[in-house]
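Both chains come to you apart, so use the hints to assemble them.
In the order they appear, the protein sequences are chains A and B. Throughout the first sequence, residue numbering follows numbering that gives the first Met the number 0, covering 0 to 360 in sequence. Throughout the second sequence, residue numbering follows numbering that gives the first Met the number 0, covering 0 to 309 in sequence.
Keep in mind the hints are simulated off the structure, nothing from the lab. Keep in mind the model is a prediction, meaning the values are calculated, not measured. Don't be surprised by glycine CBs; every beta carbon is placed ideally from N, CA and C. Take the hints with a grain of salt, since some may be wrong.
[As the list claims (entries may be wrong)] Derived contacts from chain B toward chain A, CB cut-off under 7 Å, selection only: (1) VAL92; (2) THR94; (3) LEU100; (4) SER288.
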Amino acid sequence: MIRLERRPAPSRAWAWATPLLAVLATMVAGGLLFAFLGKDPLLVIRTIFWDPILGEFAFYYRGQLLVKAGPLILIAIGLSLGFRAGVWNIGAEGQYIMGAICGAAVGLAFYPLDARWLIFPMMVLAGGLGGCLWAMIPGILRTRFNTNEILVSLLLVYVAEQILAWMALGPLRSPDGAGFPGSRNLRHYDAAANHELIAGSGMHWGVVAAFIAVILGHVLLSRHILGFNIRLAGASPRAARFAGVNPGFLVLTCLGVSGALAGFAGFFEVAGPAGQINIDFNVGYGFTAIIVAFLGRLHPVGILLAGFLMALTYIGGEAAQATLGVPAAAIQAFQGMLLFFLLALDVTTNYRVRIDVRARA
Amino acid sequence: MELGSINPVLLISALLLASTPILLAAMGELVVEKSGVLNLGVEGMMIVGAVAGFIAAVESGSPALGFLAAAAAAAVLALLFGVLTQVLLSNQVATGLGLTLFGLGISSLMGQGYVGVRPPASPRLELPVLSELPILGPVLFNQHALVYLSLALVVGVWWYLRSTRSGLILRAVGESHEAAHALGYSVLGTRLAAIAFGGALAGLGGACLSLVIVPQWTEGMTAGRGWIALAIVVFGSWRAWRVLLGAYLFGGVSVLQLNLQAAGIAIPVELLSMSPYLITILVLVIISSDKRRAQANAPNSLGRTFHASG
Chain A
0 MIRLERRPAP SRAWAWATPL LAVLATMVAG GLLFAFLGKD PLLVIRTIFW
50 DPILGEFAFY YRGQLLVKAG PLILIAIGLS LGFRAGVWNI GAEGQYIMGA
100 ICGAAVGLAF YPLDARWLIF PMMVLAGGLG GCLWAMIPGI LRTRFNTNEI
150 LVSLLLVYVA EQILAWMALG PLRSPDGAGF PGSRNLRHYD AAANHELIAG
200 SGMHWGVVAA FIAVILGHVL LSRHILGFNI RLAGASPRAA RFAGVNPGFL
250 VLTCLGVSGA LAGFAGFFEV AGPAGQINID FNVGYGFTAI IVAFLGRLHP
300 VGILLAGFLM ALTYIGGEAA QATLGVPAAA IQAFQGMLLF FLLALDVTTN
350 YRVRIDVRAR A
Chain B
0 MELGSINPVL LISALLLAST PILLAAMGEL VVEKSGVLNL GVEGMMIVGA
50 VAGFIAAVES GSPALGFLAA AAAAAVLALL FGVLTQVLLS NQVATGLGLT
100 LFGLGISSLM GQGYVGVRPP ASPRLELPVL SELPILGPVL FNQHALVYLS
150 LALVVGVWWY LRSTRSGLIL RAVGESHEAA HALGYSVLGT RLAAIAFGGA
200 LAGLGGACLS LVIVPQWTEG MTAGRGWIAL AIVVFGSWRA WRVLLGAYLF
250 GGVSVLQLNL QAAGIAIPVE LLSMSPYLIT ILVLVIISSD KRRAQANAPN
300 SLGRTFHASG
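Bound-form chain B, shown alone (with noise of 0.2 Å):
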């Protein structure tokens, strides 16, 4: 066991990037069920992205051109979510779970012909001056664009909540739809949005997997990533930097158990391949074993159907 082998330097760097697809779907899914709509299909929504990504980038032969496709395929696959949830007044729970187990059958049957190949490698983006700092620039400036739009939007998010006319319509419609329907605002066009919105966010976290982080494809690669962002939320009490956290601390630890793999450390292979998981649970508890806690900033109309009646 060589514990020294490990370079807090190159962990630290190589965390910020594992936990960006998880940060973007998080992200996106605060965004949703802070519109009163909980989405499950999180998961086929990652995986969507995965494949969509991947394809446009491998025939392309551009990244950028990869992360739009996986945003907007994501994103039709959302919409679809969100015209049987809210147009066809179908159970979110169900269609959420239906949502992920198309998502996995639609994504390996569109990937067919692109295992083993290679994408179009995405560059880091190396922040001038900055990357050089000893210690912090190799670690803060020299990552991925993608993490620093993660970060952005985590800023974006908590400022949209909060400072926003348009956030607070959609902090409305989540807390009471039916008060928000009787001021006249749209709870459909408010949650269609959120949906679509919530959706691209999540196949750009996929696309950050397949393109950047592994970068290959292969089937089921989102390995329970989408649910891990579920549970995120859940963790972060629909508040954008305790997702954020949240978000950091699972990557800290698939990225730490990585580590510990390489390092021949004895203890099972598979043991240490469950912990992300086992931590996820174990946070989860803590979190919702307060309950007061837990629901204080819970939106009121989560997962409820509305329909607006005359």
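One chain only, chain A, in its complex shape (with noise of 0.2 Å):
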């Protein structure tokens, strides 16, 4: 008989050893839907794991790893102070449209002066700002009319979405498009672009951006006294509040705070690696960061290292759809998988998993 037995304290060890194993079981298991589709399994597994760090073409995809990363990290960063807290903001996909949305526009609002040193800084703070105030409306909802802000926060995706596509078909749209939805090219605006620092690396603002989201994550949850009542708060919120820690207060800076970071992201993809705002500018990596949070046990170096390994499988993904054939909604399906045994194996650190040989009389 098995039979789960409650460990007085999470295990460090196996909270550690979880997301490795949950990794291997999604390959096995990736590898078993691959071969279903009629791919060799090992050929596909190393596509996508192998090839673009050690492979023949590296030398390309090695660049591409950092832009995929740095937003998934940076967003991730931010949405595990709140699911630390308890707070769930699971809408970092409309948060990153409205900051690039707000960047882009005072970037193009100014069009075509040329005077960098005030027009970057003035986007990047734009497309936190609107990341953060697109955050604060379930917050201030959660806290004002104690709505779920789990709901609210989802269905202001949708919201966002059709305010990027009217943006796109409408004010934002490039007057020198022929008619094409679109707004203008913002790495050909060099006041506003966010170039490449370092030719061939893929590293932009929003990579640097990313780094320093780890380290002061790291320094706000394991220095700082509201850190600590982050994670107070997730850990017992009664305890919390004998504490005086105001929990509105809490759900508004954790929402805030994971919405700016989402915005950034959202910025630093539309003056960089994407270049527009156009319908299709956002690609999930909203939702993606929310696996990016879980698998990097919601701390900020495990995000760091969960964000590199989710940005491979989408360009090892990409790579596999483009020599192998391999569906594209594959990826995505692999991506959830992995969460679904993360979650599953997260058994262990809370559980000791006792096995009766005998059985009970």
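Here it is as structure tokens:
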């Protein structure tokens, strides 16, 4: 008979081992999935996880790694703060879109003025502010009206997508675009462009911001009273209230910070790799970042590693799509599977699995 | 702008059909939440139901088989959630989100070869004599069978939760799983059954979308309806009749905005398209601002993990 016995404290060893085991289990299950699709599973797994780093064309893919990991890490760091405190912002995709729209709008308003020292920082701020304010909507509704922030933040993603379409077709449409949807390309406007800092590396300001967020996030959680309060509120909301933690303030802080980081990510993306506001601008980073946050154990360093792993599945997935004809959707299913395995294996962190050989009389 | 071109009879008739997927999913989630489980994966189960039902209907040529397959596929997916949260004791919020993300991925993978395919038509069910009544006939008695099924389910769920022994046990498990466990009721069994039921209904709702309303398969076609169903359960404060009201309110808004788009009203299309989501949020705010009323009927153990020690 198998039974679960609650551990007095979560096991640290298992907490770090489960993500690795989950990745292995996903590779096996994913391999079966690919075999079912009629592809050679070993070849697909190698194309996704090995070739982008060490394969023949790795010089091309390595740059892409930072481009994809940057926004994922930046968003996931913000989300992890809320998830730790029991504040569920799952609308990062919407905040990412709103950050991109606000940042790009400020840049486009100055077109073609050539004053990078002024325009670029203002765009960064506008991007962060856009995401932050969009996240404040569920925040204020939760603190003022007790409305569930999970549902509101998620529903606002659909609203943000409509605003994006409206902007791409209306107010922000490029006057030189011959009627095509989409704004001017910010990469062709030097004062506003988020260029690669080292050619071929994929390193841009958004990636720098992601690294800074990892460091600040780590300091916040391990050294600052706010980080302590966040962890306390997550572990025991009652104890937190007795300790004088203001729950409303914590909700607004967590949502505001995660929204701002998602907004930054959106801005750096639109001014850099994406280049323009268009209908298909968002590709689901805001949702994948949820997986990154959990896979990284809601810990900044873990998130850094998980962000790179997820970026790898994106890039490897594209490579597998191009060379082996693996459908793009398979990668999405693959990422979802990873979260499932992680959550399933997590039982070992909080519980001891006891197997009684003798049946109890 | 020609508001006169909007026919109220057709509008109400379309409303009943447009609300059905959400009503089905919300009734399922109502039962799940009444048993104390918060399954945020409704969107994922709906879209898997939509694609599974579509494939089964296209391959077999029978819409009825399609609906069965949709319910079965979504129930299997729901049981995956059930095993993770009830047996392996994972966090319900995170697992529900994972279910949605996984469902969206696996559905577009399954639906690869089915984009642009036409499913077999599922005819309306004309009730004899009644459907020939003026005005009421076409509105109420000439609908798809699923519309009647969803209404029957509202009555059934209401009656089940209120008047049956098994419904009472389910509510007991949802209110206090420790007490129900101590009395000897199976918390695990009750909850797994509720989760599977909720999944089947969400899948049926998805298939209603892909086989009857649209009828076509496109990626991500549920477009947030699963989340709206979750919101409607809160809006209905866990009561079957109010959930019905919420679903029809949402259906009304979405049908009306489509009609306004078609009539060429001078409001940006995007603004009209986002109105169902905005109104859902607005309604959520109104209902939850009165804390006492909002929480009065909420299951006490909702979202809490149950681990029988010993």
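Unmet hints by their number, sorted upward, for this structure: Checked against the structure, no hint fails, so every one of them is satisfied.
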